[in-house]
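Peer 1: Could you build all of it, start to finish, from the sequences and the hints given here?
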Amino acid sequence: MQFFGGSEISPSPPVPTAAGNNAHMLYVFNRNGVCLLYREWNRPLKTLSPQQDHKLMFGLLFSLKSLTAKMDPTSADKGNLGVPQLPGQGCSFHSFRTNTYKLSFMESPSGIKIILVTHPRTGDLRESLKYIYNLYVEYVVKNPLYSPGNPIRSDLFNSTLDQYVRGLG
Amino acid sequence: MIGVGKMKQYTNVLDRPLSKGKQEVSLSAFAFLFSELVQYNQTQVDNIAELERRLEDAGYAVGARVLELLCHREKGNRRETRLLGILSFVHSTVWKVLFGKVADSLEKGTEHEDEYMISEKELLVNRFISIPKDMGTFNCGAFVAGIVRGVLDNAGFPAVVTAHFVPVEGQQRPRTTILIKFAEEVLRREARLG
Chain A
1 MQFFGGSEIS
11 PSPPVPTAAG
21 NNAHMLYVFN
31 RNGVCLLYRE
41 WNRPLKTLSP
51 QQDHKLMFGL
61 LFSLKSLTAK
71 MDPTSADKGN
81 LGVPQLPGQG
91 CSFHSFRTNT
101 YKLSFMESPS
111 GIKIILVTHP
121 RTGDLRESLK
131 YIYNLYVEYV
141 VKNPLYSPGN
151 PIRSDLFNST
161 LDQYVRGLG
Chain B
1 MIGVGKMKQY
11 TNVLDRPLSK
21 GKQEVSLSAF
31 AFLFSELVQY
41 NQTQVDNIAE
51 LERRLEDAGY
61 AVGARVLELL
71 CHREKGNRRE
81 TRLLGILSFV
91 HSTVWKVLFG
101 KVADSLEKGT
111 EHEDEYMISE
121 KELLVNRFIS
131 IPKDMGTFNC
141 GAFVAGIVRG
151 VLDNAGFPAV
161 VTAHFVPVEG
171 QQRPRTTILI
181 KFAEEVLRRE
191 ARLG
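Residue numbers (this note's numbering), protein chains in the order written: chain A, 1 to 169; chain B, 1 to 194.
Quick caveat, the hints were computed from the structure, so don't treat them as lab data. Computed from a prediction, not measured in an experiment: that's the story for all the values here. Check each hint, because a few of them may be wrong.
As the list claims (entries may be wrong) - In the DSS-like style, the derived pairs of lysine-lysine whose C-alpha atoms are separated by at most 27 Å in a straight line are: (1) B/75 x B/20; (2) A/142 x B/101; (3) A/102 x A/70; (4) B/96 x B/181; (5) B/121 x A/142; (6) B/121 x B/96; (7) B/133 x A/142; (8) A/142 x B/22; (9) A/102 x A/55; (10) B/96 x A/142; (11) A/142 x A/130; (12) B/75 x B/96; (13) A/55 x A/70; (14) B/181 x B/101; (15) B/121 x B/133.
Unchecked claim - If you want the ones that stay clear, here's a sample from chain A, every Cβ over 12 Å from chain B, calculated: (16) 33; (17) 35; (18) 50; (19) 52; (20) 120; (21) 130.
All C-beta atoms in this analysis are idealised placements derived from N, C-alpha and C, irrespective of residue type, glycine included.
Peer 2: What follows is the structure, given as structure tokens:
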């Protein structure tokens, strides 16, 4: 029996441009706002408790998505401000940058949001976020010992993720 | 009467040759199916040992059928009577048909005469599964252990088969070993056959 579709994780990971630990934090939320995973590698300043931090992050992204969709000059149909958008509807914002960090965001059609905070000179991370989503599908969704909607507690996923992020430019 | 005068359209289904079937299966489809099997059994049992036993029983049914099929297809209906013969059959033919590659290694146990081990760097069924700490020594490879037990039992070599994790230096994921412990009668018969 030959198994197809499993020989490499697709899409293949983007070539790492620089060595070293460049990512600061990673959040994974599901469509209900439950924080499935929070990893931090480099965060000198913490101002809020973890629950408040997660709620703030989720609220920020929800509002940003809503705002960018409403301000879209190319789309004709806008709906009312404040109405929650379905995943994939309207335009999707993918990153914002300040002078100290860059936040990259990706939302899957099933409502899984992946947020990666890195140093400000990082390039476009959309391919990397897609790869991380693929890791999530392989090691979390296919794991029978994980029930959807709960925080992720899989060593395999954490270690593969750490290894991949360490190679990001 | 209905059907009288019509030409017989197809031969008896038992006369048709066994087809080889499609040789390729989607890995994702298998992973999801196996995941659902484990989750379904989890809802029916109270403890880990019972869950492992259920997975093993599921594998036993697969093993029994695989033996019949392979004996017909690959070996031309020859029957293995020697211990080493059946072990190498499991190690190469069965593994090749089920997982697409032969098993990594087959070893004889050093402590006991009746123990043999088939090792694999990473079992296909365990590839996407990561066991949380509170489940202890639970191993979804119990399904594969059940398959091996099914093959051996129906070939006339009753044995107790279990799956274990063996940590390896320098490798993050432990190796999996299928431990086969043959019953007394098998060893006695083997000794008689010389």
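Peer 1: Does each hint hold? Answer for all of them.
Peer 2: Hint check:
| no. | hint | verdict |
| --- | --- | --- |
| 1 | B/75 x B/20 | holds (14 Å) |
| 2 | A/142 x B/101 | holds (22 Å) |
| 3 | A/102 x A/70 | holds (23 Å) |
| 4 | B/96 x B/181 | holds (22 Å) |
| 5 | B/121 x A/142 | holds (20 Å) |
| 6 | B/121 x B/96 | holds (15 Å) |
| 7 | B/133 x A/142 | holds (18 Å) |
| 8 | A/142 x B/22 | holds (24 Å) |
| 9 | A/102 x A/55 | holds (19 Å) |
| 10 | B/96 x A/142 | holds (24 Å) |
| 11 | A/142 x A/130 | holds (17 Å) |
| 12 | B/75 x B/96 | holds (14 Å) |
| 13 | A/55 x A/70 | holds (23 Å) |
| 14 | B/181 x B/101 | holds (24 Å) |
| 15 | B/121 x B/133 | holds (21 Å) |
| 16 | 33 | holds (24 Å) |
| 17 | 35 | holds (18 Å) |
| 18 | 50 | holds (20 Å) |
| 19 | 52 | holds (27 Å) |
| 20 | 120 | holds (32 Å) |
| 21 | 130 | holds (17 Å) |
Checked against the numbered hints given earlier, the structure satisfies every one of them.
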